[in-house]
Amino acid sequence: MTTVIGPDETSATPAVNPRGIGRGGDAHPGTTRGRGPRESLFSRTGAMLVMAVFTLYFLVPIWWLLVASTKDRGQLFSTNPLWFADFQLFENIGALFDYRNGVYLRWILNSLLYAGLGAVVATILAAMCGYALAKYRFPGRETIFNIVLGGVLVPATALALPLFLLFSRVQLTDTFWAVFLPSVVSPFGVYLSRVFAEASVPDELLEASRLDGAGEVRTFFTVSIRLMFPALITVFLFQFVTIWNNFFLPLIMLRSEELFPVTYGLYAWNSTINQFPELRTYVLVGSLLSIIPLIITFLLLQRYWRTGLGTGALK
Amino acid sequence: MRHTKRAVTAALLTSAALALTGCAAGDASSGGDAASCEPAGEDVTLEFTSWIPGIEDAVAAWNEENPDIQVEVQTGPNGNSGTYQNFFNQLEAGNAPDLGQIEYDALPNFRVQDGLEDLAACEDVVAAEDQFLEWTWGQVSLGTDDQVYGIPQDQGPMALFYRSDLFEQAGIDVPTTWEEYRTAAEAIREQGGYITNFSQTDINQFAGFVWQAGGQWFANDGDAWTVELASDESMTVAEYWQDLIENDLVSTYPAWTDEWNNAYNSGEVWTWNSAVWGANSIASGAPDTAGNWSVALAPQWESGGAAAGNWGGSSIAVFKGTDHLYESAKFALWLNTSDEALTILNEQAAIYPATKAGLELPTLTEGVEFYGGQAIYDVFAEASAQVNPDFVWGPTMTQTYADVSDGFKAAASGSSTLMEALEKGQQSTIDALEAQSIPVAE
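Chains as they are written, first to last, in numbering that gives the first Met the number 0: chain A, 0 to 314; chain B, 0 to 441.
It is worth saying that the hints were derived from the structure and are not from the lab. No residue lacks a Cβ here, since even glycine has one placed at the ideal position from N, Cα and C. Hints may be right or wrong, so weigh each one.
[Claimed, not checked] Residues of chain B clear of chain A, computed beta-carbon distances all greater than 10 Å: (1) Gln73; (2) Asn77; (3) Asn88; (4) Ala126; (5) Gln190; (6) Val367; (7) Lys423.
[As the list claims (entries may be wrong)] Covered, in the sense of this in silico footprint (three residues per stretch, anywhere, with C-beta under 8 Å from a C-beta of chain B), are these stretches of chain A: (8) 61-67; (9) 113-124; (10) 290-303.
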């Protein structure tokens with residue numbers, strides 16, 4: 000890990016944070032390879048051991064899920080839960096995709112739409128809001144910020160029922176909007192954007208662009224948003240995961256199967272497993288497949304995320 | 000539906016608490032005059048919420064034959080896992096569906112919250128009473144003579160699933176009374192097995208035992224509720240199982256887990272006192288034992304007795320606020336009485352009908368391969384005729400189940416007894432009723 004982070008950090012820092020040049024850049028020019036030789040063998044082994052235990056702890060359930068997904072219903076209980084029996088994964092996936100005219104694929108698409116589109120819109124809104132709170136002085140600024148901050152503390156679960164009653168009033172329950180609209184709100188994103196805009200967007204730069212005749216909106220989209228990029232990736236990832244995993248809102252809002260996100264659909268199946276045992280395999284395989292989009296998103300975006308966090312650490 | 004597993008998440012509890020406060024405030028507005036049961040005279044579309052997979056096929060058949068009454072299926076999780084809470088939320092918001100699936104033990108809750116239409120306003124419904132088994136009708140009339148709050152859909156008469164091969168090898172007779180059952184339990188324990196597994200979480204199974212013993216947990220005289228969780232019959236049943244647990248004659252694996260499945264699959268546990276829908280649970284949970292199971296009528300409390308309990312079963316109810324009571328009742332009757340619909344439901348979701356004629360469907364008279372070719376449904380049909388029609392559920396079953404289950408878990412671990420659990424459940428149920436301002440008779 001250390002040898003990977005080293006070069007990344009030094010090369011990405013100047014691009015992200017202009018003020019970091021000369022501080023983070025040449026702090027340890029020769030240390031990208033053999034860093035940390037002073038650690039004793041004992042403490043390094045200890046650290047590795049702790050990490051190995053936790054890795055195992057986190058990976059065993061996923062391993063179990065993977066193994067269980069490859070078995071047919073009979074073997075699920077009668078064979079070793081942590082090792083393969085007859086390899087049936089592709090038959091199981093095929094059966095899952097066939098079940099009820101491929102409703103599962105529909106759920107995956109719905110989830111991608113809710114989480115993907117929702118997170119993009121939420122990120123843009125949060126960026127604009129956080130930026131405005133950080134860079135403009137206007138009466139009530141702190142009050143607004145504190146209210147938004149208060150929003151971070153209110154669990155989404157507590158808001159679901161009031162939201163349902165509100166959406167019932169305007170007859171929007173059981174529609175795409177019932178899940179999408181509440182998802183584009185991210186108080187935490189606003190908070191993060193404000194903190195990051197304050198730190199990474201220099202006032203001098205804004206003044207320069209004003210002098211050059213750029214309007215505020217243009218400055219935001221061409222200059223500021225790029226400086227805030229690592230924070231926005233973080234906001235996007237957080238929001239993506241939050242929406243993807245948000246199961247309670249769909250549970251309360253949605254009735255039509257074709258609108259379900261994958262989490263809710265799988266939950267609905269899982270809740271009737273005792274009555275309809277044939278659903279068990281579908282729930283297992285479905286759960287396994289449903290984590291793939293999350294893994295892909297993280298793999299694609301973690302590079303930005305890491306450089307962002309690294310930048311923060313250097314300050 | 001047929002069997003309720005308590006799977007209430009913390010999130011659901013939060014919303015339940017919110018909804019309760021909401022309901023208390025909104026009671027006055029949700030009351031109103033009983034709707035009259037008249038045809039609308041125009042094309043109508045009904046909303047129907049159910050969590051049974053494959054019910055769309057039955058609805059599609061209806062929609063084809065009835066272009067003027069179209070039904071839209073909505074779905075969700077199993078009742079106690081969220082759909083009931085959704086119903087209450089929707090009633091509160093005034094956008095409940097026309098029809099919904101409600102298990103028998105949840106029906107009184109909706110009735111007490113004034114969420115259901117009385118179907119007795121519809122002549123067709125009243126006329127259909129004869130088609131149903133007396134006790135399934137009792138489950139939807141809620142102990143009254145002139146009210147009907149749903150159309151019975153399915154039932155869960157209980158019998159004894161047993162490993163015929165193991166009983167034969169060990170030379171033990173299949174018990175016909177609970178006394179013989181205990182003797183057999185000792186003999187089986189000597190062989191290293193357990194006669195059955197006592198479930199700490201399936202309180203509705205235990206209720207089925209009490210039901211069979213002629214006991215009652217609730218009664219309602221029209222004004223107030225009586226809670227009898229600790230009635231004599233209930234205590235007799237509790238003492239019986241307490242004795243088996245204390246003497247290590249039954250296993251106490253958490254039901255519906257891999258451990259539990261494995262106990263049956265490996266032959267460690269020999270019998271299961273379960274409902275008709277349990278036939279599929281065994282077949283899927285214990286696939287290695289195919290061909291070795293049989294079904295007999297449940298053991299009796301008195302030699303030569305003929306009583307059966309019931310575990311599960313559900314109805315199709317019509318929610319308050321519907322504009323189409325007539326059409327809703329018509330659809331619900333068709334869904335639960337017509338051979339066409341019952342056949343589809345049985346094929347798609349193994350629904351065991353609540354009508355007399357439904358029990359004679361061709362698929363329900365054939366031998367079943369997993370049970371060595373035995374025509375097991377004949378046994379359940381016989382059991383179904385023996386179920387006491389007077390058993391009534393209370394209006395707060397979710398809470399009662401949860402509290403009694405907590406006590407049963409303590410009993411299974413040896414730190415308490417089943418009798419104590421019932422007595423505590425009795426008190427907490429009365430408290431819960433009073434907290435909701437539901438009158439309780441002392």
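Going through the hints against the structure:
1. Annotated as non-interface, glutamine 73/B brings its C-beta within 10 Å of a C-beta of chain A; the closest such distance is 4 Å.
2. Taking the minimum C-beta to C-beta distance to chain A, about 4 Å, the non-interface status of asparagine 77/B is violated against the 10 Å cut.
3. With a least CB separation of 6 Å from chain A, asparagine 88/B falls inside the 10 Å interface cut-off, contrary to its annotation.
4. Listed as outside the interface, alanine 126/B is consistent with that label: its C-beta sits roughly 31 Å from the nearest C-beta of chain A, beyond the 10 Å cut-off.
5. The beta carbon of glutamine 190/B is kept farther than 10 Å from every beta carbon of chain A, the shortest such distance being approximately 22 Å.
6. The beta carbon of valine 367/B is kept farther than 10 Å from every beta carbon of chain A, the shortest such distance being approximately 15 Å.
7. Every beta carbon of chain A lies more than 10 Å from that of lysine 423/B, the smallest distance being close to 26 Å; the non-interface claim holds.
8. Taking a C-beta to C-beta cut-off of 8 Å, the segment 61-67 of chain A contributes 0 residues in contact with chain B, too few for the three needed, and the coverage statement is violated.
9. Counting residues of the segment 113-124 of chain A whose C-beta sits closer than 8 Å to any C-beta of chain B gives 0, which falls short of three, so the coverage hint is violated.
10. With a threshold of 8 Å between beta carbons, the proposed coverage of the segment 290-303 of chain A by chain B is violated, since 0 of its residues qualify and at least three are required.
Hints 1, 2, 3, 8, 9, 10, counting from the list given before, are not met by this structure.
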